[in-house]
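Trainee: Sequence:
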Amino acid sequence: MDCQHGLSFSTPEEVLKYVKEYNVASIRIWFTDMLGFLKSFSITPKELSGAFKEGMGFDGSSIQGYRRIHESDMVAFPIASTAQVLPFRPGGSRSMRMFARICTPDGAPYQSCPRVILSQNLERLAEHGFSHMNIGPEAEFFYFSDSNSPTLLDQAGYFDINPTDVGDDIREATVFALEAMGVPVEYHHSEVGPSQHEIDIRFQKALRMADNLQTYKYIVKEVARRCGVFATFMPKPLPNENGSGMHVHLSIFKDENTNAFYDKNDPQHLSGTAKHFIAGVLDHAREIALVTNQTYNSYKRLVPGYEAPVYIAWAERNRSASVRIPLYKPGNEVATRMELRFPDPTCNPYLAFSVMLSAGLDGLTNETAIPDEMTMDLYKLSNADRKKLNIEALPHDLFEAVEVAESSEFLKEALGEDVHGKLIDTKHSEVDKFRLHVSDKDLKEHLIL
Numbered sequence: 038m039d040c041q042h043g044l045s046f047s048t049p050e051e052v053l054k055y056v057k058e059y060n061v062a063s064i065r066i067w068f069t070d071m072l073g074f075l076k077s078f079s080i081t082p083k084e085l086s087g088a089f090k091e092g093m094g095f096d097g098s099s100i101q102g103y104r105r106i107h108e109s110d111m112v113a114f115p116i117a118s119t120a121q122v123l124p125f126r127p128g129g130s131r132s133m134r135m136f137a138r139i140c141t142p143d144g145a146p147y148q149s150c151p152r153v154i155l156s157q158n159l160e161r162l163a164e165h166g167f168s169h170m171n172i173g174p175e176a177e178f179f180y181f182s183d184s185n186s187p188t189l190l191d192q193a194g195y196f197d198i199n200p201t202d203v204g205d206d207i208r209e210a211t212v213f214a215l216e217a218m219g220v221p222v223e224y225h226h227s228e229v230g231p232s233q234h235e236i237d238i239r240f241q242k243a244l245r246m247a248d249n250l251q252t253y254k255y256i257v258k259e260v261a262r263r264c265g266v267f268a269t270f271m272p273k274p275l276p277n278e279n280g281s282g283m284h285v286h287l288s289i290f291k292d293e294n295t296n297a298f299y300d301k302n303d304p305q306h307l308s309g310t311a312k313h314f315i316a317g318v319l320d321h322a323r324e325i326a327l328v329t330n331q332t333y334n335s336y337k338r339l340v341p342g343y344e345a346p347v348y349i350a351w352a353e354r355n356r357s358a359s360v361r362i363p364l365y366k367p368g369n370e371v372a373t374r375m376e377l378r379f380p381d382p383t384c385n386p387y388l389a390f391s392v393m394l395s396a397g398l399d400g401l402t403n404e405t406a407i408p409d410e411m412t413m414d415l416y417k418l419s420n421a422d423r424k425k426l427n428i429e430a431l432p433h434d435l436f437e438a439v440e441v442a443e444s445s446e447f448l449k450e451a452l453g454e455d456v457h458g459k460l461i462d463t464k465h466s467e468v469d470k471f472r473l474h475v476s477d478k479d480l481k482e483h484l485i486l
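According to my numbering, the stretch in the sequence shown is residues 38 to 486, in order.
These are calculated hints, taken from the structure and not from any lab test. Hints are supplied without guarantee of correctness; some may be wrong.
What the hints assert, rightly or not - In silico EDC-like cross-links for lysine to aspartate or glutamate, where the CA-CA straight-line distance does not exceed 20 angstroms:
{"id": "1", "residue 1": "Lys-424", "residue 2": "Glu-446"}
{"id": "2", "residue 1": "Lys-242", "residue 2": "Glu-353"}
{"id": "3", "residue 1": "Lys-254", "residue 2": "Asp-292"}
{"id": "4", "residue 1": "Lys-90", "residue 2": "Glu-50"}
{"id": "5", "residue 1": "Lys-366", "residue 2": "Glu-429"}
{"id": "6", "residue 1": "Lys-258", "residue 2": "Asp-206"}
{"id": "7", "residue 1": "Lys-291", "residue 2": "Asp-399"}
{"id": "8", "residue 1": "Lys-459", "residue 2": "Asp-191"}
{"id": "9", "residue 1": "Lys-242", "residue 2": "Asp-409"}
{"id": "10", "residue 1": "Lys-366", "residue 2": "Asp-300"}
{"id": "11", "residue 1": "Lys-478", "residue 2": "Asp-434"}
{"id": "12", "residue 1": "Lys-242", "residue 2": "Asp-292"}
{"id": "13", "residue 1": "Lys-366", "residue 2": "Glu-376"}
{"id": "14", "residue 1": "Lys-449", "residue 2": "Asp-409"}
{"id": "15", "residue 1": "Lys-337", "residue 2": "Glu-446"}
{"id": "16", "residue 1": "Lys-478", "residue 2": "Glu-278"}
{"id": "17", "residue 1": "Lys-258", "residue 2": "Asp-191"}
{"id": "18", "residue 1": "Lys-242", "residue 2": "Glu-216"}
{"id": "19", "residue 1": "Lys-254", "residue 2": "Asp-303"}
{"id": "20", "residue 1": "Lys-291", "residue 2": "Glu-278"}
{"id": "21", "residue 1": "Lys-242", "residue 2": "Glu-160"}
{"id": "22", "residue 1": "Lys-337", "residue 2": "Asp-292"}
{"id": "23", "residue 1": "Lys-54", "residue 2": "Asp-70"}
{"id": "24", "residue 1": "Lys-425", "residue 2": "Glu-440"}
{"id": "25", "residue 1": "Lys-291", "residue 2": "Glu-160"}
{"id": "26", "residue 1": "Lys-83", "residue 2": "Asp-70"}
{"id": "27", "residue 1": "Lys-258", "residue 2": "Glu-370"}
{"id": "28", "residue 1": "Lys-254", "residue 2": "Glu-175"}
{"id": "29", "residue 1": "Lys-470", "residue 2": "Glu-437"}
{"id": "30", "residue 1": "Lys-459", "residue 2": "Glu-50"}
{"id": "31", "residue 1": "Lys-459", "residue 2": "Asp-477"}
{"id": "32", "residue 1": "Lys-366", "residue 2": "Glu-437"}
{"id": "33", "residue 1": "Lys-90", "residue 2": "Asp-70"}
{"id": "34", "residue 1": "Lys-459", "residue 2": "Asp-469"}
Said to hold, decoys possible - The following label-pair restraints were derived from C-beta to C-beta distances:
{"id": "35", "residue 1": "Lys-417", "residue 2": "Glu-446", "range": "42 to 48 angstroms"}
{"id": "36", "residue 1": "Lys-425", "residue 2": "Asp-462", "range": "36 to 42 angstroms"}
{"id": "37", "residue 1": "Glu-209", "residue 2": "Tyr-59", "range": "41 to 47 angstroms"}
For glycine and all other residues, C-beta sits at the position ideal for the given N, C-alpha and C.
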């Protein structure tokens, strides 16, 4: 059952055998709420066999975006293939975690569970003749001294090393923990902002990547806590520095080895499939922004001048565009992909990957024509120039993002009517609270009036 990195199981029986042989003392069941927060409850090993067969009941009305109080019973079934041993030993005992399949009491998949939503969207790939979608996210984060204020650990910049980069050893410990949990890592480094970091996890099929990304965020925060510092994925914690984004590399495959995005005869090695897919993502970019960038703070990152894309366009090497095509390397056709640059790591990965896929498939279905490539620095264009080129901007704040998403029939179909409605209601409430809040800046600048 042991792999070089993490564990590999196919059946509940294999998990039960491992738990008994290796004296696993606790089983943690993980799932995700509508806003992307990881939820967990623990069971003892003696309950695990029953959990595989009958599930574990819980109150869905207490979970953001799940059921209402008068129909709140939910059931969580642990998924054997996701079992991994945590790299920490609470109380000195071995603990295992598994993601859960959330169902209604009659055993049907719960249609508003984010993991179910992604699974069902991925099933649509077969209708178009594709086998799977690969995802590779780059989720940036900051280390601060504590959770009370953004106190920097160092002034390290891009690719700095010890002793300038104080976070290097913490990142290294995080990589070891991720690998131990079956989350393969490609590389890690300090980022542009002081105390800002990035650990790149290797691309995977979309559903596994969503699980891996939730594991990644948990491990980053937990290792930091154990090292006496605080890790945050907040998009814009420092006013005059780059924010933390989550560039998402994406491609779809005809089978296990054939990249549907690759065309050897195209100057940019992009197939017609890739171009229609990219066109669909660009076409729906303003609508999906509420899912990929879901907080008020998200839009403080999406401003010109801080390496964050604001304008809806694509280019081969232009990092001011919202979609970039990484440079093709001969002989590496499987790596042909698009990079969506505006999402941030506060998103719910299951829902974010769902809307990206749905947007791309919509482009394929409608054979949406890809717009002209924009090779110039989009930040330096005037508003008039951008208007002539038909370049739209992403929503400039959460209020606009909610307004765009609320009227989107596309988004309602991609997420399901229930989650779409709950998300809009939740974000309207957040906008209202933010608009009513009187900040220290308000008082400082306007109290004298």
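Trainee: When the hints from earlier in the document are held up against this structure, which numbers fail?
Mentor: 1, 2, 3, 5, 8, 9, 14, 15, 19, 20, 22, 23, 24, 26, 27, 30, 31, 32, 33, 35 and 37
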